[in-house]
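Going line by line, the protein sequences match chains U and W.
Per the working numbering, the very first residue in the first sequence carries number 13; after that it's consecutive.
Per the working numbering, the very first residue in the second sequence carries number 143; after that it's consecutive.
For the record, the hints were derived by calculation from the structure and aren't laboratory data.
No experiment lies behind these values; they were computed from the predicted model shown.
Yeah, the Cβ is synthetic: ideal placement off N, Cα and C, and Gly gets one too.
Do not take every clue at face value.
To be verified - Once the Cα atoms are required to be at most 16 angstroms apart in a straight line, the calculated EDC-like pairs of lysine to aspartate or glutamate come out as:
(1) W:Lys193 - U:Glu189
(2) W:Lys193 - U:Glu193
(3) U:Lys260 - U:Glu429
As the list claims (entries may be wrong) - Which stretches of chain W does chain U cover? Using the computed rule of at least three CB atoms under 8 angstroms from a CB of chain U, they are:
(4) 173-180
(5) 201-210
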Amino acid sequence: MLLEEITLKDFRCFNGEHRIEFSTDEERNVTLIHAENGVGKTTLLNAMLWCFYDVTTAKFERKFDLVNHDAVAAGRHVCFVEVVFEHADSRYRARRYGGRGVQGDRLFSIMRIDEGHSGSIDAPETFINTVIPKTMAGHFLFDGEHAEVFLGEENRKGIRRAVQDILGCNLIDTAIEDLEETATYYRRQMPKAKASASVDALAQSIEDLGTQITTAKAAHEQLKGQTATVEQQIADIDGKLRDSSAAKVLQEARERTEREHVRAVKRAGEAQDEVVKWLGDNGRFLVSTRITETTLDNLDTQETKGKLPSPYNEEFVQDLLDLAVCICGTELCDGSVERAKVKGLLTKAANHVLRSRLTGVRAVLNQLKSERTRAPARLDAANKRLAVAREDISAAEVQLGEISAKLEGIDFGEIAERERRRNELKAQLTTMNQRIGAFADNVRRSEAQKAQKEQELRKLVETDDEARVFVQRYALCEALRVRLERELAEEEDEARKMLRQQIGKVLGSTSRKQFRLKMTDEYAVSLVNEEGTLLPKSSGENQLLGLAFTAALVEFARLRQNAEDHRLLRGTVAPLVLDSPFGQLDDSYRRTTAEHVPRMARQVVLMVSGSQAKGGAVDALIDRVEKEYVLVRTNKGAGKGGAAETRQFRGRDYETALFDQLADGTMIVEIA
Amino acid sequence: MLPSTHWQGLGGNGGRMGDVDDGLPDEQWQNRMIAEIVELQREFFFENRNKDSERRRRLRDVIERATPQSRR
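So that you can see chain U by itself, here it is in the shape it has in the complex:
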């Protein structure tokens, strides 16, 4: 089906007649409708469904109150929705009326309109189901505002239903149910044919086993679906705990850094003390440079001159005086001039005290000199140790600040709670898998018992023609049922492969992470990384997955449109209707997804609100938009004054709210 136009007259919030023409171009295949919530978006979406099938979505409130209230006040009690579409190279106009007094053939009609001719289609409900079966239609509508539930347990059944509807399994499902019911009917006929306690008991036993098998299979399937949900919950917790593991690592790093900080502070203190002590101990070596040099030079000079110390000792001079003989032999008598001269030397003679002092002074001066040479190196070393310690302190403080910033907001109590919950879920999963195994064993045993009892029953009634024919009929029903179930399972398997492939293509084009889709046979959907680890779902990825899935369903239906298998319904070419698909996506995802949208189906109808259009999403696909509209709110009342509510599209301003109008409601304005 290719939509051409939709006309609404007095339908809900649309007072009077309003029309949208859809893009039918192959390249510029997007019809873009700007619509805020509460302006008629849900009504517009439901108008199509209501027109074709007389059904509406769950969000459509007061579904029997269809005629615009202002129209009713003006005396108009009937509304309609008309859709012009192309199908199999012919054009059709479908119209449905609603409101008071409409009934019979006028309620819903389809006209074929080709080259000026028009003719009414007999059985329009049947016809529209051959174009797009009612069971499929809802699956081509993606509700972006509720995409967060896409991976949930409830939607698993919805996904299965979508796949089976597009496969057209409905026929086969009903056939299988009918065959089961008919087999039971024939089995129950048997006791009436031959009143035998054994036959009664066997037939009852077979029926009981059949019920048991059906119940066990249903429980088995339900449990398998639930395990997928639990596995996803565990994956979500694992994702959060991985972040928490990082917190533990940070915490350990913080403790380590704090210890290093303490050590660095201590080293700095010791180095500081060493510097101060050195200055105290050795400062004089630095400040005494000049005086040391001068004094040593002076001492050397005086020594050279023989003046300091005196070249002769006091003890030597005294000995000479005591002996009264000079070393030259001259007598040193009392009162003699020679004695007086020698005695005069005593005043300058060196004695051991003086010698000792001089030695001490030289020693000190030499020490000052040598220490002065060594001192700077020692001070340098101490200063370097101090500098290194201070650098370490700074580095530790910076690191502690960074760790603190990262740890801010992490609740370690919550981490423990998650770990406990994870362990609970793991235990739950183990129990569920054990029960699944038990159910599977139960089914196998019961089927074996049933087959054995059926064999016994056949032997028992072999001699009774009347009973035997019922057994034959029962057996035939069972054989056909089993065959249809097997073939249907094969078709579903092929469908799942195709869907996985299609969804993978969309995810590959739009996602920036490396993950792939995992879809179990029970239609539990999740995302896994390259190692096969289940990934936690962000709401953005949820939405992307839901969108990818809807697009895959449209493609799947298109591929099946020429399916020759008589047992299933054929597929169809259907438009893809996207309602607020970008809501949960960040700007980067919005752009890449928007770029991909035109490729998702032959014809795309895209509805976005103002906030959805931000982030470049609309810009990314604007070149593929052939038709563009905005839903404008109309008000009977006067405006509050001030600036008009406008939005800019294609470089022009459009008012999105009008006042002093004939009716409260919505009008459709085309953006040129």
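The hints should help you fit chain W onto chain U, whose structure is shown.
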């Protein structure tokens, strides 16, 4: 009307249906029955929804034509 069948054994669980008088292999015989059943389903799917009892009565007709009373 489907050809009558001669039962040597009874098929359950998709097993052998036994030889048939008209010489058609088992698989083809089943295919024809299935085609008839599906056509019945299709008729009621589009036109006569929710008429389960009528549809099942017609299914029993299909089964009983294939398994007439007097045959051994």
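Hint-by-hint comparison with the structure:
1. Between the alpha carbons of Lys193 of chain W and Glu189 of chain U the distance comes to roughly 14 angstroms, so the proposed pair stays at or under 16 angstroms and holds.
2. Pair hint Lys193 of chain W plus Glu193 of chain U holds up; C-alpha atoms about 14 angstroms apart against a cutoff of 16 angstroms.
3. At most 16 angstroms may separate the alpha-carbon atoms for a hinted pair to count; Lys260 of chain U and Glu429 of chain U meet this at roughly 15 angstroms.
4. Coverage of a stretch by a chain is defined here by at least three residues with a beta carbon nearer than 8 angstroms to that chain's beta carbons; for the region 173-180 of chain W and chain U the count is 5, and the condition holds.
5. Taking a C-beta to C-beta cut-off of 8 angstroms, the region 201-210 of chain W contributes 7 residues in contact with chain U, enough for the three needed, and the coverage statement holds.
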